[in-house]
Amino acid sequence: MIRAAGRRIGWLLALAAVVVAVGIGLLMAPSDRSVSHSSGSPVPATDASARMLPPPVTGFAVPEARELGGQADVTRWAPVLRSTQARQRPSFTSPAVVSVGRVTPEGTTNLVDAEGEVTRGGTTWVHARLAVLPDGRTGWLPRNALGGWSFVSTRAVIDRAHLQLTLYRNGMVIFRAPVGIGQPGTPTPTGQFYIRDRLTAYASPVYGPLAFGTSARSPYETDWPAGGFIGIHGTDQPNLIPGRISHGCIRLRNAAITRLGQLMPVGTPVTIQ
Amino acid sequence: MHTLSLADIDVDGALRETAGRLPTRSEFLVGGGLAAAAALLVPGVAGARAKRSDDAILNFALALEYLQAAFYTEAERVGALSGPLAEQAKVVGAHERAHVAAFREVLGRAAIKRPQFDFHGVTDKPDSFRATAVAFEDLAVGAYKEQLPKISSPQYLAAAVSIHSVEARHASWIRRLAGIVPAPTAFDEPTSDGQTIHIVNSTQFVTLHAPETTAHRPPAFTG
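Here the protein sequences line up with chains A and B, keeping their order. Going by the numbering used here, the first residue of the first sequence is number 178, and it counts up by one from there. Going by the numbering used here, the first residue of the second sequence is number 8, and it counts up by one from there.
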């Protein structure tokens with residue numbers, strides 16, 4: 178009892194000491210801090226702040242943080258990491274549309290443009306365009322058969338009526354050129370496709386200096402080597418462009434295909450109309 | 008399962024070279040005194056050595072910033088997030104890209120190249136995105152804490168500190184969204200270089216092989 182009372186007195190004495198100390202501090206405060214006169218204008222501090230080191234100069238500036246733009250025009254693609262079946266619906270029990278391999282006929286990594294994805298029963302499925310006949314088919318691939326996403330903000334439109342290729346980036350026209358397309362007996366197929374690969378430094382003047390492989394296939398040239406895929410490439414007969422001259426491929430003059438090679442990344446969606 | 012080594016991540020050797028140049032804490036403390044003495048005698052040599060050491064530290068930070076920037080950019084592009092999580096990815100992604108730009112600017116030709124990333128679908132779902140973002144931000148805070156005391160240049164230190172505190176804010180933000188206590192301890196521990204590299208390796212987010220989308224064989228298109 179006596180011990181408890183003693184502890185309480187001790188706490189009270191300690192608290193009183195703190196109150197006194199704070200009070201003294203408040204009374205003393207104006208003497209070494211900036212104060213306002215009755216006019217409200219501050220008086221410079223005493224030498225306390227003058228003794229402080231100046232703030233360091235930063236060695237480099239972090240630039241303004243910019244948000245991503247042009248989300249509406251972004252297309253994503255992923256490489257095929259392992260061969261898999263594209264299915265009609267996002268389910269392993271759904272019928273297979275086609276087998277999708279890791280490598281294109283050109284020996285490059287196969288890739289697919291994604292249209293969307295869903296998760297069913299713990300498995301994520303990607304809805305993708307397929308490089309098969311009939312043109313325009315899509316299927317569902319298990320996400321874990323694909324690699325990391327890449328993104329493009331370009332899209333190409335090939336206008337068969339006006340014999341013209343237009344390339345857009347973020348919705349703006351950045352390139353336009355006349356083209357040669359398929360002859361009446363072997364027309365260039367129409368639909369939604371994408372750029373699968375890019376071939377350069379080959380010795381084949383017929384195709385010019387550069388060729389893009391697309392996911393489009395000619396239904397008229399199925400016995401063509403490698404299956405009759407449609408390319409976008411240069412030419413050794415520039416005088417025939419524009420025109421309906423090819424077996425289905427899209428031909429550009431060599432200067433134009435070289436420029437397009439600098440602007441159009443793989444994965445770019447291609448509309449042929 | 009194949010575990011990546013530093014050599015796997017660092018295809019051009021720049022990051023390994025960077026990590027090799029990073030002074031340890033004890034080396035830094037001892038070396039600091041020696042460097043100061045050397046600076047009095049041969050200031051040019053000491054200055055060059057300090058510059059190389061600082062470049063290595065900034066490159067190490069740049070590697071982490073590449074990783075974070077790519078992660079948030081992919082999450083935003085994929086578009087699987089909504090609400091506060093989407094807002095976090097949008098704002099933090101912009102910050103991380105700004106950090107990358109800052110380090111690349113100051114390092115110039117000494118900057119390491121951007122690696123290829125494969126986030127194995129973690130950006131496709133909000134739950135996996137959130138968990139990965141917490142891990143990344145905590146890692147960045149710990150890694151910066153380890154590196155900052157080793158920076159020789161007061162100017163670089165001031166800039167790096169300004170990034171470190173932003174990373175800490177990012178960590179608090181995503182921890183809050185994940186329902187984790189934003190500041191669980193009074194004192195944070197640094198994350199050593201080895202721990203940081205081990206953690207990054209274990210994610211396997213840095214791809215061994217970029218897709219080969221260009222070839223040099225003659226086309227076999229329909230012509």
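It cannot be assumed that every hint is accurate.
Keeping only pairs whose Cα atoms sit at most 25 angstroms apart, straight-line, the calculated DMTMM-like set for lysine to aspartate or glutamate is [what the hints assert, rightly or not]:
hint, chain 1, residue 1, chain 2, residue 2
1, B, K97, A, D413
2, B, K132, B, D195
3, B, K97, B, D134
4, B, K132, A, D250
5, B, K120, B, E94
6, B, K58, B, E219
7, B, K97, A, E292
8, B, K120, A, E292
9, B, K152, B, D200
10, B, K58, B, E153
11, B, K97, B, D62
12, B, K120, A, E241
13, B, K120, B, E153
14, B, K97, A, E398
15, B, K152, A, E241
16, B, K97, B, E112
17, B, K120, B, D195
18, B, K132, A, E244
19, B, K152, B, D195
20, B, K120, B, D62
21, B, K132, A, E241
22, B, K132, B, D145
23, B, K58, B, D134
24, B, K152, B, E196
25, B, K120, B, E196
26, B, K97, A, D336
27, B, K152, B, E219
28, B, K58, B, E94
Which stretches of chain B does chain A cover? Using the computed rule of at least three CB atoms under 8 angstroms from a CB of chain A, they are [said to hold, decoys possible]:
hint, segment
29, 107-114
30, 120-131
31, 142-152
32, 188-197
33, 200-208
34, 221-227
If you only want the chain B side, here are some residues facing chain A, beta carbon under 10 angstroms, derived [unchecked claim]:
hint, residue
35, E103
36, H216
37, P218
Quick caveat, the hints were computed from the structure, so don't treat them as lab data. Virtual Cβ for every residue (Gly too), placed ideally from N, Cα, C.
Q. Between B:K132 and B:D145, is the straight-line Cα distance small enough, at 25 angstroms or below?
A. It holds: about 20 angstroms lies between the C-alpha atoms, which stays within 25 angstroms.
Q. CA of B:K58 to CA of B:E153, is that 25 angstroms or under?
A. Roughly 18 angstroms between the alpha carbons, so the hint for B:K58 and B:E153 holds.
Q: Below or equal to 25 angstroms on CA atoms is what counts here, so check B:K152 against B:E196.
A: 8 angstroms, holds
Q. B:K152 and A:E241: Cα distance at most 25 angstroms?
A. 24 angstroms, holds
Q. Does B:K120 pair with A:E292 here, judged by a C-alpha cut-off of 25 angstroms?
A. 31 angstroms, violated
Q) How about the segment 188-197 of chain B: do at least three of its residues have a C-beta closer than 8 angstroms to a C-beta of chain A? A) violated (count 0)
(Q) Would the hint linking B:K97 and B:D134 be met if the CA-CA limit is 25 angstroms? (A) 17 angstroms, holds
Q) Given the proposed pairing of B:K120 with A:E241, does the C-alpha separation stay at or below 25 angstroms? A) It holds: about 22 angstroms lies between the C-alpha atoms, which stays within 25 angstroms.
(Q) Against the 25 angstroms threshold, does the CA-CA distance of B:K97 and B:E112 hold or violate the hint? (A) 23 angstroms, holds
Q) Between B:K152 and B:D200, does the CA-CA distance stay at or below 25 angstroms? A) 11 angstroms, holds
Q: With a cut-off of 10 angstroms on the beta carbons, see whether B:H216 makes it to chain A.
A: Holds, because the Cβ-Cβ distance from B:H216 to chain A comes to roughly 9 angstroms (cut-off 10 angstroms).
Q.
B:K120 and B:D62 were given as a pair; does the straight-line alpha-carbon distance stay at or below 25 angstroms?
A. Measuring from Cα to Cα gives roughly 14 angstroms; hence the hint holds.
Taken one by one, the earlier hints fail for this structure at numbers 1, 2, 5, 6, 8, 11, 14, 17, 21, 23, 25, 26, 27, 28, 31, 32, 33, listed in ascending order.
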